[in-house]
Amino acid sequence: MSSLSFLGPRHMARTLGRRKFWEVVLLVGFLLVFYGPLLYTLVLAFAGQYTYPDILPKTWSLQWWKYVLKQPALIKSMVYSFEFAICSVLLSLAVCLPAAYVLARYKFTGRRLIMFTFLIGNAFPKIGMYTSMGIIYYKVGLMGTFLGVLLVHMLGSMMQMIWLPAGAFRSVPVQQEEAARDAGAGPLRTFFYVTLPMAWPGIAVACMFAFIGSLGESVGTLMVGLPTYRTMMVEMYGVILDYPATAGAVFSILLIMPNLLLILVMRKYIGADTISKGYKMG
Amino acid sequence: MDETIKLEIRNMTKLYKNGDGVKNINLKVRKGELMTLLGPSGCGKTTILRTIGGFLQCNAGEILIDGKNIVAMPPEKRPTAMVFQSYNLWPHMTVYDNLAFGLKLRKIPKPEIAERIADALKLVKMEGMEKKYPNQMSGGQQQRVAIARSLLLKPEVLLLDEPFSALDAKIRMQMREELRKIQTDLDITVVFVTHDQEEAMALSDVTVVMNKGSVEQIGSPYEIYHHPASRYVADFIGEMNFIEAKLGVHTAIRPENITVRKGPGGDLDGTVRNIMMLGHYTEMIVDTELGLIKAFLSGGEAEEFVRGEAVSLYFSETKEFSE
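Chains as they are written, first to last, in the working numbering: chain V, 1 to 282; chain G, 1 to 323.
Because the hints were derived from the structure by calculation, they are not lab data. Note that the coordinates shown come from a computational prediction; the quantities given were computed from them, not determined experimentally. Ideal Cβ positions, reconstructed from N, Cα and C, are used throughout, including at glycine. Be careful, since some hints might not be right.
Think about it this way: if two alpha-carbon atoms lie no more than 30 Å apart in a straight line, the pair counts; the simulated DSBU-like pairs of lysine-lysine are [as the list claims (entries may be wrong)]:
1) G/131 / G/246
2) V/268 / G/131
3) G/77 / V/107
Covered, in the sense of this in silico footprint (three residues per stretch, anywhere, with C-beta under 8 Å from a C-beta of chain G), are these stretches of chain V [unchecked claim]:
4) 175–186
5) 194–205
A few chain G residues that don't get close to chain V, going by computed Cβ distances all over 12 Å [said to hold, decoys possible]:
6) 5
7) 21
8) 32
9) 60
10) 72
11) 82
12) 119
13) 161
14) 169
15) 221
16) 244
17) 247
18) 269
19) 280
20) 302
Looking at chain G on its own, in the form it has when it is part of the complex (with noise of 0.2 Å):
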């Protein structure tokens, strides 16, 4: 990958009149990645990518695109493109004419424009729909025209607001897998902003964990899943057990790192409480002096258990988070 810095965020604070917003955000985003921005509703996400889109004026602070900082820009002066959760295209126009808005402001030449149309279509699977309507086509076709309308503008830096979350799993799941495709295809630099951290583990390069205003840990998806920063980060991301043992330490496991045998004697014994049957894995749920524990256990491996048995748990990989 690219080293240069594509996006760059320079404590950046964005506070509204009820005192929610964000403080002190630096953010660098190099060209060509992928970034998403991870944390549940409320968190300031949104509210950093629309300051990049310009729909925000931030309080204090710079952000910079190849350099040059864009604060003072309105949004059409942005090298930046959005993609909406919903309500993306103008329901008066034709898809065709949703396209060709912004290369018409351009003053591209119409066969270029009819050119490129076809072609960005043609990269999100919707050829021939030209002349159709939003409203006569699904929320996933409608989502894939809006990325296509965002890609037609050339933008430095492509910005998503959670485009996803409004669709059903199966087309979630195919539409962040094209959508990774085609950024990495056309190596286009990307923020992507969700609350669903199987979405962001799979599309990311670098996922930014926030909590209430402030990034908590930046990192790899398997930075993040696997060494988190804080209990915050560690409890957000996947299944997570938190075991007291010292006051005010707390030893934290994940579920799959955990072996369940027969009789006392491992890091931690007790009784099993309940097994659950859950396709590729069984959920296990262990009955302790410090906790219920959950651990995971491959199909055939539970078989062997039955509710009410004394078992001991043994810790592969643990991390401990003092308070």
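The shape of chain V in the complex, shown without the other chains (with noise of 0.2 Å):
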């Protein structure tokens, strides 16, 4: 016993010194409130034998990936959250890039009041705004269609749709624009080999944070996307209610793995720069 003493707290803080010894301790328990349920949720997607009281399980299986995979409702539901990912992505491309280019290039009276309202949109509580949506959604006969769940989703990342591309095309000087229009290029030709080009990592970020946003928006889905349209988040409402741990283990696997993903693969653009730039009114 005496022999393995120095894992006891009093002797640790002996070497450690006694400062050095609570950021440790803070340190493990902050890994622990932010790691353990990802951990958890990981080890319960991959066990086969699991009772309590053990930490880990007996054996280990891939028999409820097996059974997830085999749930229609559940791959259609992968289906439609990508689906509308993607569509509402290009469309916001679509709206948002042009407005971004006109708030970052032209100085025109009431332009920091339209950056100011995307802003406010996003103070309101937003089952407020998905409310007296679904009343418009009914008159105009919105509800429960593609358009309407997609129109919510593009709603909820339009402001750092707007901001980040802004600020990514602000800081790009205005010479090399006017250079490559003074090599010959139309205003079009300048804006997709000079402009676009230049503010692409601003742009890449904005569209990664719209695809997160909209593969785990829920709550505005299920007010107007339902009964037709089950995106993975919606599924998970009945997920976790109607099937065992293990199973919702394995889908939020599946909710979380495209995010990863794109944050890994867009790592070198997102950065506090970025970022930033793009929360600027300027």
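Take the two lone chains, each set in its own frame, and fit them into one complex as the hints suggest.
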């Protein structure tokens, strides 16, 4: 027993120094709070035989993966989720990029006010906005339609899709656009060959946030999309209630994976610089 | 030099919302001529250049190239090419792609593009830099590539907007000489904007001195230096002493046109306030009853004088401006 006494908190405190010791304790606590649930989900998803009070399962298996991937409703929900995510990003690009460009390049009265109104959209509780959207949707017949859900998803990322690209466009020196015009390129060609490639990092980050946001959207989809458009997030509610916890774990990993993958791919673009440039009223 | 007029600006006015801008500008640039627009910042020289390039719309007047009015054309349709002060090159493209951009738009076959780019890079002494990205080059190198890119467009008029002002002094001098050589070799018409009078003097066939949105004087560097048309030009170009001998009349004398002798009896007498050795010449400040006068002496001459000594000044070339 005495040989293991170095593991005791008293001994550790002595070797690390009091301050360091509390730092380590804080870090471990932090990691547990942050990654504990994620780790547990991961363990759960690959568990075979897993009974209380074991910390790790007795056997590992992919049985729950097979189970989940055989549920037609769940597969369908994944397809919907990605359809909405891809379509909402593309449509947002088409709508927001020109708006962002105008806000970045042209000085007109009311420009700041317009930038500000996009902020206000984020200040309301979402549910209130969805309710009022729902009322309008019933009137114009958008309830339960693909377009209706798509608009809800776009609304969620509108601010980022305008602010971040506007910041990115603003950081492209005007001379570089002028040089392209000078070399014989029209306004459109200048935009696609010079402005867009140079602003791309900021735009890509905005797209990533929009994509992740769309995958994670649940409340609005639930209100507008039911009964047809059940995305993964919507199905998740049912999965938690109706399926065993292990199936839920598999499903949540399926939900996390695309986000994780995106962040990994985009990590060189995601920087304090890109993001702070975007959130300037300028 | 060819006498045909390449570029003509007629009664051009461009005013900004805040009232700044240029009014009633009339300029003629002959083929193969290098004209500098010189003046302090805010005098409107860049405004004129940008209206020629098509980046600003003028409120009134005409801009003619080879007799054709280009005022209504967008920049991409104008037979001009512009080199900016900075941020010329596109950072996401290699030097080759930067140079090829305009040529591709003109549907020139690939082998010819490569050939022309090699020639252009040779012209600006940047051979073998095709694969470099702009951020891998110094400021001077980037400006060389920018000039090459503009030359590749074979413009009728080449426009340069303070292209060397961000570079350090030594490189600036070198670039200036090379630009002048390229310009005369290729016989191209150039409008060059600068706030640096030395640069303007060294480069120009014709200099346009500007002040607050209008033209003060147009002439060769010699004319402008030796026969300034206004007090403003006399003051702006080179060093100048102003003496108010009669009320309202200012006599202007360049420091190099003053001879200093010991004792009284000159055009103006005074005492030596300060003597500063500035390399190949010496600057002497003389305290007179009409104010401080600056004189340039050769190194040897200055040796004879000491501070506080009574001296007489003799003026060899003066010019009078009345208020």
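Hints, verified against the model:
For the given pair, residue 131 of chain G sits about 67 Å from residue 246 of chain G by alpha-carbon distance, which is inconsistent with the 30 Å threshold. A hinted pair counts as satisfied when its Cα atoms are at most 30 Å apart, and residue 268 of chain V with residue 131 of chain G qualifies at roughly 23 Å. Taken as a hint, the residue 77 of chain G and residue 107 of chain V pair is honoured in the structure, with Cα atoms around 26 Å apart against an allowance of 30 Å. For a cut-off of 8 Å, the count of residues in the segment 175–186 of chain V with a CB near a CB of chain G stands at 11, and the three-residue condition holds.
A stretch counts as covered by a chain when three or more of its residues have a beta carbon under 8 Å from one of that chain; for the segment 194–205 of chain V and chain G the count is 3, and the coverage holds. With a least beta-carbon separation of about 23 Å from chain V, residue 5 of chain G lies farther than 12 Å from that chain, consistent with its non-interface assignment. Every Cβ of chain V is farther than 12 Å from the Cβ of residue 21 of chain G; the closest lies at roughly 17 Å, confirming the non-interface assignment. For residue 32 of chain G, the shortest C-beta to C-beta distance to chain V comes to about 22 Å, beyond the 12 Å cut-off, and the non-interface label holds.
Every CB of chain V is more than 12 Å from the CB of residue 60 of chain G (nearest about 23 Å), matching its label as outside the interface. With a minimum CB-CB distance of about 15 Å to chain V, residue 72 of chain G clears the 12 Å threshold, and the non-interface call stands. Consistency note on residue 82 of chain G: stated as away from chain V, yet its beta-carbon is not over 12 Å from all of that chain's, at 5 Å minimum. At roughly 18 Å from the closest C-beta of chain V, the C-beta of residue 119 of chain G stays outside 12 Å, upholding its exclusion from the interface.
Distance check on residue 161 of chain G: its Cβ comes as close as 9 Å (rounded) to a Cβ of chain V, failing to clear the 12 Å threshold; non-interface status is violated. Against chain V, the non-interface label of residue 169 of chain G holds: every CB pair exceeds 12 Å, the least being about 23 Å. For residue 221 of chain G, the shortest C-beta to C-beta distance to chain V comes to about 28 Å, beyond the 12 Å cut-off, and the non-interface label holds. Every beta carbon of chain V lies more than 12 Å from that of residue 244 of chain G, the smallest distance being close to 45 Å; the non-interface claim holds.
For residue 247 of chain G, the non-interface assignment is confirmed: its Cβ lies about 49 Å from the closest Cβ of chain V, beyond the 12 Å cut-off. No Cβ of chain V approaches the Cβ of residue 269 of chain G within 12 Å, the least distance being about 55 Å, so the stated non-interface status holds. No beta-carbon of chain V is positioned within 12 Å of the beta-carbon of residue 280 of chain G; the least distance is around 39 Å. For residue 302 of chain G, the non-interface assignment is confirmed: its Cβ lies about 47 Å from the closest Cβ of chain V, beyond the 12 Å cut-off.
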